[in-house]
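Heads up, the sequence shown stops at 115 in this note's numbering, and the numbers go up one at a time, no gaps.
Wrong hints could be hidden among the right ones.
Now the in silico label distances, taken between C-beta atoms and shown as ranges [stated by the list, open to error]:
{"no.": "1", "residue 1": "Asp-81", "residue 2": "Pro-102", "range": "32 to 40 Å"}
{"no.": "2", "residue 1": "Ser-98", "residue 2": "Leu-77", "range": "21 to 29 Å"}
{"no.": "3", "residue 1": "Arg-43", "residue 2": "Pro-102", "range": "34 to 42 Å"}
{"no.": "4", "residue 1": "Asn-52", "residue 2": "Ser-98", "range": "27 to 35 Å"}
{"no.": "5", "residue 1": "Arg-75", "residue 2": "Ala-29", "range": "30 to 38 Å"}
For the record, the hints were derived by calculation from the structure and aren't laboratory data.
All C-beta atoms, glycine included, are put in the ideal place defined by N, C-alpha and C.
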Amino acid sequence: PKYGLGPGDGGGTRMGGRPGGGGGNAFPAYGQMAVGDIRRAAQADRELNRGRYRIEEIEIAVGADGRITRVRVLRGGDERRNARIAQLLTGLQLSQRPPAGMPSLRVALSGS
């Protein structure tokens with residue numbers, strides 16, 4: 004199966020943060036790393052591998068320790084897969100801690 008994750012339009016809390024809002028290049032670099040960890044977790048999940056889906060926007064909050072603390076599906080998907088994504092990702096330990104002031108991530112997820 005192929006999966007795609009990318010930054011959403013976020014309305015000001017995009018993966019890269021706001022220009023001049025602090026964090027410099029640390030926010031986009033952390034976002035790329037986090038997207039990789041999230042993609043690997045989704046690819047490894049058998050339930051998500053059944054059929055095609057597209058979730059257009061997911062808001063993901065990451066705690067200071069690098070653990071995902073909140074997952075909200077904002078657009079797209081279906082009820083069963085959206086619930087599975089939230090269950091799968093909530094509590095997931097990312098491979099790095101976020102930089103100070105990191106905003107919530109907004110990502111899209113699809114699989115086939």
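Contradicted hints - numbers only: 3, 4, 5
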